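As you go down the protein sequences, you meet chains A, B, C and D in turn.
In this text, residue positions in the first sequence follow our numbering: the first is 1, and each later residue adds one.
In this text, residue positions in the second sequence follow our numbering: the first is 290, and each later residue adds one.
In this text, residue positions in the third sequence follow our numbering: the first is 579, and each later residue adds one.
In this text, residue positions in the fourth sequence follow our numbering: the first is 957, and each later residue adds one.
Certain hints may be false.
[As the list claims (entries may be wrong)] Only pairs whose alpha carbons sit at most 25 Å apart, straight line, appear in this in silico DSS-like list of lysine-lysine:
(1) D:Lys1090 / A:Lys213
(2) B:Lys332 / D:Lys1109
(3) C:Lys778 / C:Lys801
(4) A:Lys167 / A:Lys228
What the hints contain is simulated information worked out from the structure, not anything from laboratory work.
Here the structure is a predicted model, which means the values were calculated and not measured.
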Amino acid sequence: MAILIDENTRVLVQGITGNVGSFQAQIMRDYGTKIVAGVTPGKGGRKVHGIPIYDLVEEAVQEHQVDAVISFVPARFAKDAAIEVLSSGIRFLVLTAEGIPDHDVLIVLRYAAIKGATVLGPDTPGLISPGKCKLGVHPHTMFMEGRVGIVSKSGSLSYEVGRVLTKNGIGQSTVVGIGGGPIWGLSQEAVLQMFEEDPETEIIVLLGEVGGKLEHDAAAFIEEHMNKPVIALIVGHTAPKGAQMGHAGAIIEGEEGTAASKITSLERVGAIIAKSSLDIPELIKKKGI
Amino acid sequence: MAILIDENTRVLVQGITGNVGSFQAQIMRDYGTKIVAGVTPGKGGRKVHGIPIYDLVEEAVQEHQVDAVISFVPARFAKDAAIEVLSSGIRFLVLTAEGIPDHDVLIVLRYAAIKGATVLGPDTPGLISPGKCKLGVHPHTMFMEGRVGIVSKSGSLSYEVGRVLTKNGIGQSTVVGIGGGPIWGLSQEAVLQMFEEDPETEIIVLLGEVGGKLEHDAAAFIEEHMNKPVIALIVGHTAPKGAQMGHAGAIIEGEEGTAASKITSLERVGAIIAKSSLDIPELIKKKGI
Amino acid sequence: MRLLEFQAIRLLAEKGIFVPKGVLVTSPKDLQKVSLPTVLKAQVPVGGRGKAGGIRRVEQAEEASSVVNELFDSTIMGHPVQALLAEDPVEVSRELYVAYLIDKQANMPLLMASSAGGIDIEEVAKKTPERIIKKYIDPVVGAQDYAIRSLAKALEIEDVRAFVSLIRKICTIFQELDATLLEINPLAITSNELMALDAKILLDDKAAYRHQELFSELESEQKYLDRRHKSRAEELSEKRQINYVPLGGNIGMIADGAGTGMLTLDMIHDAGGKPANFCEMGGMANAEIMQRTMEVVLADDLVKVLIISLIGGLTRMDEMAEGIVRYVKDNDQSVPIVIRMCGTNADAGIPMLREAGLDAYEDLATAVQTAVQQAKDL
Amino acid sequence: MRLLEFQAIRLLAEKGIFVPKGVLVTSPKDLQKVSLPTVLKAQVPVGGRGKAGGIRRVEQAEEASSVVNELFDSTIMGHPVQALLAEDPVEVSRELYVAYLIDKQANMPLLMASSAGGIDIEEVAKKTPERIIKKYIDPVVGAQDYAIRSLAKALEIEDVRAFVSLIRKICTIFQELDATLLEINPLAITSNELMALDAKILLDDKAAYRHQELFSELESEQKYLDRRHKSRAEELSEKRQINYVPLGGNIGMIADGAGTGMLTLDMIHDAGGKPANFCEMGGMANAEIMQRTMEVVLADDLVKVLIISLIGGLTRMDEMAEGIVRYVKDNDQSVPIVIRMCGTNADAGIPMLREAGLDAYEDLATAVQTAVQQAKDL
């Protein structure tokens, strides 16, 4: 199987009747994801794209086995909805919402730890295991089944790189967006570890941005725990120092946050540095994959 | 070994410089309990009865291996102190304080569950494994080493019964007071289970009071899980209905709380009913122990 | 502390929960402030007052006046009526039951509700427990809206938003005031809102120090309205916050633990004696508490013999002996005292008693038999 | 939102934390209200102002007046000084550092303190990190006193009670106001109390909806005092809450993701072009946001070419195309627009663009090269 999800993962979509939830649920279902149920308070008993809707997660899990939830619940209600999922005993939650207050995210992540559950996000596009399961909002035509694992802080950058790889006939095992906000659940290191252990993944592409010290931590992790080759692309080398370029994560914090310093760290531990998304297919091919 | 503690248990006394803490620490130490450290904020660096005192639990656990804590911290500060213990990774906490607000107890117990720790009490005399270890305030001359396990909601009643047994030459494996207040941590059922599994315990004495439905739960547990004989004494059969006789636990709640109804439940599942503490030695001897 | 209805209702109203318009009536002349028709509700701290005639609807002034006088002359389940809450009648379309409490089995806060609210809720709980909906709340995250929505659905509530807002308020009060029970029954659905028609609130006395102002205000209101006859011993025990339950017999009893206290009562009873009271000092008793407790128990003129049943764990027998001796020295009293003393520091305590001319038994049964015999002999 | 010092200090004072007596000076005539000697502190939202001359102690009226004028004429790290906080000087025996923040590595609230408080704290953190004491706080139980006492001990604080009380207040503010950072530096130990001499507070904009009144009050104060020169594009972006960073070049850029936005900038740069700005719409963009974002970016007169870099995941290309087409129809503009479009519903979006006479590239590199070439040709 790929990491985290596969063709057997049974999915509940939380917030399935909103514009985004309904639209994305249909795309995921059409892609082959096993969506067994949806939840929207007050809409229980109806169906969306043939998927049964419940008012409450507890009702859905009484009727269906649920392995994972993808939540399209808006930021203001996301904490309540996330705790509903975690309390019901479901062990994997993808939180797509952008703009959840940090204090709410803290509680959700801590509660997930207490409940032994994994939270991907918030502010994540989710993840896709091409050809098997899509638990996210990726433009899936840009991806194909294969042996490259991608982990990215930025959703859009992972699409771009997926697209370039697919154009060049290089498929992906799983593509994971860890989330664009200042705090998030499943860590980059945890994903790297899963790729290291996944027999279907042969090489990993790590995508980062200026700001934070995420990639320094990744470098330390790679040095200690990774045998598979890692190709890294850090965007934003032309960003002026101190400017906030979108994500709060992309604030340049001292020297550590610059693209150059991140690249140096990663190079030191043997990661292969891509200058642009366009270089990546060639770098992968050089590794004989 | 006995249940929960034995001669190797390394103990920290929290609140060791107060009147009660200091007095009881000395008695425990003289009894043979391995007290490795004490904690009282602001008194760090001194010694009590030769026991080193620290300001903080984190300091004590840096210097000593600690298996269990007995807390003599007053009710108002008990929650803070309990969370300090649980946060430090210690897995067994005896909370002697009476009068901790219920909301505080709730949080302490829930946090203990999160941390995988066991809390005995609050409002408990603690426990004693005669001849091995005393982690409590029992008048220990009333107890002797042997093979009877005692579990009691009331501290004083367990002393009384221990005394009667010891006078009759019948020793005890471990004597546990689960706590006199309305809510408490380690349950009667959990203690019964430990006695059932303890090779040093041959027979169990269950001591209860009017009020609550604790003994009904115990009866259900005995029926399903216990093979060893259980002798039960329920005091308060002369208590008038509705009168609060001390512990909040001893309020007669409908028919379930009466001594008669509890006795009926326990008799039904094969427990041997003692009419008074004085009957217990004879009942034990009848079982050939 | 159990709040009187008007106190509970006032507390809910202060937090923005809808309640009927009402006036507290503590004497017939307060009727001037009451608009008619009205519902007169006796303010007694017991359940079931409706069935006992404690709730009366009146339409006219004359009727109101006679009903008020009648109620003030009555006693409901042992409580003389000292105050009435006069509320405007409310058109009710449904009566619900909601409560938030600490569940002592699960050690968790519990949100509970039923669509079968009203005076028969206890019957409902007994006969059709499935009609009581329960939601345990994890105290480290508190009551989340989804749990409340789940209740709303089970109760078939239309205005879910109003219900969620109400229950959130209840949860906040519960948390902020250290309540152990907060019950609204009935919670009425009227034409346009959810309204609390009766409420029961228990506050945790152990947390009184965190809410001193509120507790003392509520307490002084209750004392003002409580005109039950109390014995001198009862009044003294309240003043000194000593756990004292009068039982009507002639053998006074003081214990240093609830368990041995009850065992002592059982033994007195089985030996043919009549306990005058139950009185337990708690594990933290010292000489002063011992002395003051004796003052309480011996304030009861019916007491012919006093048995003091001590088996110290936390309590130190030297301190207990000191308290007993002090009482005996300070008071010129003639009631014989039978003391059972053993446990922590009994070696020091017993000689102190002997020196003061008092005797002590190590064995409880012997002490009880002695006390019962003495009571019979007198 | 980053609070200005006087706002942060006022907030602390409201919650009972001691602060120096102070007056806000927004014009030289406010000096009348100031008692001398005083410390004049420039209210600019940046650290290190002390070293940049933004904090001045003055003794006499004449000196005060000239320093105030001097400060109002100055710019500190890019911020023209519009307001001064005039505070009574305080006798300080020790300067501490304390902060409560969300630690993004551990996903936990972090209580942090140092006995080496004052203007050199960043140096301390870099050179002697062991002098910064850290305590992670479990958010499900909050900051307990023992953790605070542990800090107090490490800082060798004598009045532990006062310190615990202060830190508790900080924790409460942090929690209640959705702060992500609350820092007091220095926290002064004076002869008889702990006093906050400077404070930095960051509030979470994502939680503004929970504190609307406070946020709008703080914001309007800041706007009133902020007289930096802003371009039309910047002003428009603030009004419309669009993430816009001017970069000074001539190729305008709009992206639907931060990652591809930065990649696009990098590519423009590598191809020899000069980005005019960074602008990212976020994952929830729709047609209207697209249109309004174009209005912002094209308000910059320096922009000669606009590149729109779209790779929809959550964003739908049909909606993006609609927004672009609407903008083009509504505005009589001559700046050439290069569009990169692929991803969700691009099959629907691209024909919409073509119909409006606009072209779209599927490949990002080609789009960038085209834009850079067009900018060079103009």
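(message) Tell me if the straight-line CA distance from lysine 332 of chain B to lysine 1109 of chain D falls inside 25 Å.
(response) 12 Å, holds
(request) For the pair we were handed, lysine 167 of chain A and lysine 228 of chain A, check the Cα-Cα distance against 25 Å. (result) 23 Å, holds
(request) Would you mind confirming whether the straight-line C-alpha gap from lysine 778 of chain C to lysine 801 of chain C stays at or under 25 Å? (result) 18 Å, holds
(request) Decide if the proposed pair is consistent with the structure: lysine 1090 of chain D and lysine 213 of chain A, CA atoms, cutoff 25 Å inclusive. (result) Answer holds: lysine 1090 of chain D to lysine 213 of chain A is near 19 Å, not above 25 Å.
Hint compliance for this structure: no hint is broken.
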